[in-house]
Amino acid sequence: MPQINLLQAVNSALDTAMAHDPRVICLGQDIGQFGGVFRATSKLQEKYGKQRCFNTPITEQGIVGFSIGLAAQGSIAVAEIQFADYIFPAFDQIVNEAAKFRYRSGDQFNCGGLTIRTPYGGGIAGGLYHSQSPEAYFCHTPGLKVVIPSTAYQAKGLLLSAIRDPDPVIFFEPKAIYRAEVGEVPDDDYEIPLGVAEVVTEGADITLVGWGAQMHQLHRAAKMALQDGISCEVIDLRTLLPWDLETVAASVNKTGRLIISHEAPRTGGFAGEISAAVQEQCFLSLESPIMRVAGMDTPFPLVFEKEYLPDYLKVYEAIKQSVNF
Amino acid sequence: MPQINLLQAVNSALDTAMAHDPRVICLGQDIGQFGGVFRATSKLQEKYGKQRCFNTPITEQGIVGFSIGLAAQGSIAVAEIQFADYIFPAFDQIVNEAAKFRYRSGDQFNCGGLTIRTPYGGGIAGGLYHSQSPEAYFCHTPGLKVVIPSTAYQAKGLLLSAIRDPDPVIFFEPKAIYRAEVGEVPDDDYEIPLGVAEVVTEGADITLVGWGAQMHQLHRAAKMALQDGISCEVIDLRTLLPWDLETVAASVNKTGRLIISHEAPRTGGFAGEISAAVQEQCFLSLESPIMRVAGMDTPFPLVFEKEYLPDYLKVYEAIKQSVNF
Amino acid sequence: MTAKSKQTDVLRFTETTDLTIPTLRILDADGKLRKNAHEPVIDKATALKIYENMAYIRVLDERMLAAQRQGRLSFYLTCTGEEASVVGSIAGFKSHDMVMSQYREQAALRYRGFSSEQFMNQLLSNDLDFGKGRQMPIHYGSHELNYMTISSPLATQIPQAAGYAYGQKLAGKDACTICYFGDGAASEGDFHAGLNMAAVSNCPVVFVVRNNGYAISTPTSEQFAGDGIAPRGIGYGISSIRVDGNDILAVYAASVEARRLALQTNAPVIIETMSYRLGAHSTSDDPSSYRNADEEEIWRQKDPILRMKKWLLDKGWWSDQQDHQLKTQYKKEILDALKSQEKRPSPPLSDLITDVYKTPPLHLRQQYTELLNHIAKYPDHYLPNPNNSGHQSALTQVN
Amino acid sequence: MTAKSKQTDVLRFTETTDLTIPTLRILDADGKLRKNAHEPVIDKATALKIYENMAYIRVLDERMLAAQRQGRLSFYLTCTGEEASVVGSIAGFKSHDMVMSQYREQAALRYRGFSSEQFMNQLLSNDLDFGKGRQMPIHYGSHELNYMTISSPLATQIPQAAGYAYGQKLAGKDACTICYFGDGAASEGDFHAGLNMAAVSNCPVVFVVRNNGYAISTPTSEQFAGDGIAPRGIGYGISSIRVDGNDILAVYAASVEARRLALQTNAPVIIETMSYRLGAHSTSDDPSSYRNADEEEIWRQKDPILRMKKWLLDKGWWSDQQDHQLKTQYKKEILDALKSQEKRPSPPLSDLITDVYKTPPLHLRQQYTELLNHIAKYPDHYLPNPNNSGHQSALTQVN
Ligand SMILES: Cc1ncc(C[n+]2csc(CCOP(=O)(O)OP(=O)(O)O)c2C)c(N)n1
Ligand SMILES: Cc1ncc(C[n+]2csc(CCOP(=O)(O)OP(=O)(O)O)c2C)c(N)n1
Ligand SMILES: [Mg+2]
Ligand SMILES: [Mg+2]
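From first to last, the protein sequence lines stand for chains X, E, G and F.
Throughout, the working numbering is defined as the position within the first sequence, counted from one, plus 43.
Throughout, the working numbering is defined as the position within the second sequence, counted from one, plus 43.
Throughout, the working numbering is defined as the position within the third sequence, counted from one, plus 48.
Throughout, the working numbering is defined as the position within the fourth sequence, counted from one, plus 48.
For the record, the hints were derived by calculation from the structure and aren't laboratory data.
Source: prediction; values computed, not measured.
Among the clues, some could well be false.
Said to hold, decoys possible - Calculated lysine-lysine pairs in the BS3-like style (CA-CA distance at most 27 Å, straight line):
1) F:Lys54 - G:Lys350
2) F:Lys425 - X:Lys266
3) G:Lys391 - E:Lys349
So here's chain X without its partners, still in its complex pose (with noise of 0.2 Å):
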């Protein structure tokens, strides 16, 4: 099997989507033949022509809202937002609109067919506006279903799933690692479940929860910590809503310890979700209080990024004191 990076498998997907399926249209900003800032969608104007491939204005909301009249006709629109932080003009098309488009009509008409992928995360100096995580945003949303990948062999699975998904998907792509991670993929048509975590690593004391760029800092902190003797269960949570209680659950249940990781500011990302439920399911087991790890509360900054990200460093020192609450 091939070596690719993520951003190779990102658009590896998008071209076996285009090839297996004609109804799949791809759009956004410089997407045609310029292939994206990013080059995720490179050479897929060139393949499948440019009604199926191309340039949109500058409009977010108006690239949203395309897309979801374009999935309700019955294509299948994968629509690119060039910077997650740019999402947000789109706000009331994806929550108002592509949201609740199947539920408001009685299932009449859907949007299914819509999936938006975005880079987004810090790590590439990019400050306030090419840095941040919107995901605890979407994950508010009833109607949405919100997927991260942190490997380039999810990015492909994660995405022909999303792709192909019933439901409309914002698919969140951790731009850090766009080139640094790389690994084995296959050529072929393949599809990871959404909704369903995973458990990268198996442990005994301590359970770690995070999606995307994150994971690296989950699994080298882990990494430490085993250095001290502490069993770390690293769970990669990879689709956020509807997200995997289940497997999070039985994980802390057994370990009696848990720590979320995320980049978003803490106060309202999307761990103090998944703490408090894990708290209702878990709580007799719970031998320590679930942490979080997060990003300041703050807009993302730009010299001091290092110390504003949740790091290796900060998940090591949160495990040590989880561990000897």
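Since the structure of chain X is already known, use the hints to place chains E, G and F with the ligands on it.
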């Protein structure tokens, strides 16, 4: 002191603010001669002129963007969004612009003079688009303050504080109790500090936390529980961002139990944040799992509104469950 | 960068007055053909279908307004005064064209064949409502009739219509999309997004803008400073026409031509219908506080239904007697439907959690089970009355 | 409802070609006054200030591009080719007018007096950066110079500029707002919102649209189907003018007049400057993959700085020797500033949590304390190098 309702209290706060400071400007859809669809801005155009109280075109992103500019210039802009359900087209201006305005400029510029008022919540047979409670979206946004009154007295005092606060504030008005909620409200100018919760009823056995119209459900449930000999401490959060963890944690350390209730869908709602944070602080005091009584994870329905909403009976059942854990 | 623009030595600002778009009018106030106007090709059957639809909607609106006052509906919203704008336009399209409307176009839905019972089912949120009782009254939709379910947020359907039309084009359907919206909705960012994208991606969509003078209480003079909506089309490179919205023939002729143009050139077209919202914004509104009765009276004189009737009478295609009969029949049909459909039960409680996703995920099924357990403890407190009139709305005071 | 619209009997769609907006040009390609053109009133001092500013920015852009390649900056973005659009416009305004710009208008900031050190402080995120090192390079801002801090989300400043101008009007200031944006940004919903609101609420704001042919890789032909941006102004009821953006006199003359008009009529004005983005979008971009070198070459021939220089030489206001001296001086000034300012430390860590709110609330102070405790455990791992070049960016590969 005159008895007025919550809506009149809002009107009185706006009137007071405009009378005391010529820089205060009200704008929004239909708020001029008509006085707003709920009449919150009744008579303001007549009193203060079309320049200071005016109708805008139907563009929420424009209303908020315009108001940010006004505030940056030195005015005090009080923008009305006709229904909280229609705040989403302004999401980018609120979350990417207003919230980050001071930070990104290194405090060279700010839009602290901005207040966005908007009626929110269910209970009026409004279905998907006249019922939403979107507060959690904004509570995940550093740089914003989020305020929600539950009584007429609070409405005036908190709104005056919000208008004069040096940071941008989203002020959600519980429209279901606009007219039902009546109380003594001074004619004079007064402020209620932001960021401070109110312990409305002291109690020993369990803490109930809520805001807005939900407070009435909590009070009613607390009364029912009292019949069973359960003493509830009822806390009105009033400000959701930044929220008063100290007051809530002190209460939970005393009672050992906590229920949080809101109308918004459970998953990703602000109760998750409160639960997570309190659990971090009060782990050893907790005698039963922190519970959330919330809206269901669906769009807001019409015919089953009553079933969907977290009412006093659901809170009461949760109280019993928590106490009997 | 634009090659089209000529160079000039003269510093002069182009003003709004440099572009004026005339208003197409074919029938005069008395329903007579104007001097130089061409009567569009229209057969008797179509003409009568149009007229009957306008008449039907007028009766429906009157009856439902009354029903709302009686507390039998929680909310209603009339099309009164704008019937020609809506029926004249929809009649220019084919039944397989998709309609994406705002909320004041019930006449288009009727034209497609929506029955009185179907109107009542939605208005009453009963078990036969296609929308499963989830949305407020007037949020109709019909998959069978190619009429997209209405959503309350304004203008969101505009970029969606562009995308829908693009999909139709790609799928090789000989069909277009017709997208309705109001003068107020045209201020939303989605208007700009939708029109620009429709133009640049060559979407066969016809935008019908109902310029009825008001958005709730806000007159167009406080909505925009330009000359209505049609001139904006020119900025996007869209062929645009303005018509007298109370002149059924003008609206119809423009619509037939717009459809042809949209499909032939694979491009959007704008029709701005100039009319007036004769009634209140909705049953929650009272216009007397923001406009005067004289203004309303002027427009009442221009009743589009009456104008068409005169033309039909002149043509010998219609009689006063037929007219009377028709209205009586509609009144009965509608009141019968109201009576029968309001006896129907609400949708099943399980509809609370279906259709959020194609398949309800575990957490929703759990929440539903919890709800059932809870309701079992307080059976009297929950569940809608079989008679839906229980769903009274505080919205009667608002929008 | 519109009284302006005349009635017509003829069914005809108005087309884009019914409104063409000419391009004002005063200087020809050789810097000579065109035959019938009026030279705007401009004194020698102003003319030289304009020229010097354009020359400065060209040098700055060249040097910073080089510095970025050397890894001394993480990101940069040039104004090359569009200097006349920016300097010609800002020169038409007063220093107390507020500037709300996109990101390619560093020339306007320089015109207001931003020093080389100040540019470097921002580009290097050092302790003297007014923005406290929080934003990426090129996000300048200066309260003192009435230059609003730049934000990356496109077009958000457009409705804000309308509101700012409204505030200026109400406060009785004899000042307006000048709002810059690009052909791509004009597709955002905020463009529509801002222009319409500015027009209907009578805001003295001048919108300067830099139509430079591209938005990153997207040519204007894929951005819109209309004839540029100026015709859209007509739809909003805004006086609009298109100018040759490479002709400094055309831009200047239009700007002086636009300011006068905006303040006199309390209304917005649009200036569309037609030019070309000669360089890459930014240091993250490589245009060779989406446009050909011939196209660039054509525009390189139209260099606005050269054109102005010829005019100045003709007038006897400038000499080649002065020109050479000036550029040498600027080069030295800029490189000296780079050298000195890159030695400066980063802002203090405490700036991480200030200015989120006017006063840091408790939870932020606690998070900061926790961070300090954490850093104390791993002092080598955190905190920026005193030399900021450590801040290398993966954005070098992207936008
Ligand atoms: C995004 C959004 N903002 C505000 C509203 C509230 N609202 C409902 S109808 C309406 C007026 C619309 O006016 P117009 O488009 O002219 O249509 P008309 O009612 O005249 O047919 C408003 C402001 C809404 N539904 N959606
Ligand atoms: C809301 C938003 N969407 C996308 C982007 C990414 N982006 C940055 S610059 C740019 C192109 C802007 O083009 P234009 O307005 O023509 O300005 P120019 O670069 O040509 O000066 C894009 C798409 C952004 N900054 N903000
Ligand atoms: Mg209207
Ligand atoms: Mg451009």
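To see whether the hints hold, each was checked on the structure:
no.	hint	result
1	F:Lys54 - G:Lys350	holds, 17 Å
2	F:Lys425 - X:Lys266	holds, 18 Å
3	G:Lys391 - E:Lys349	holds, 21 Å
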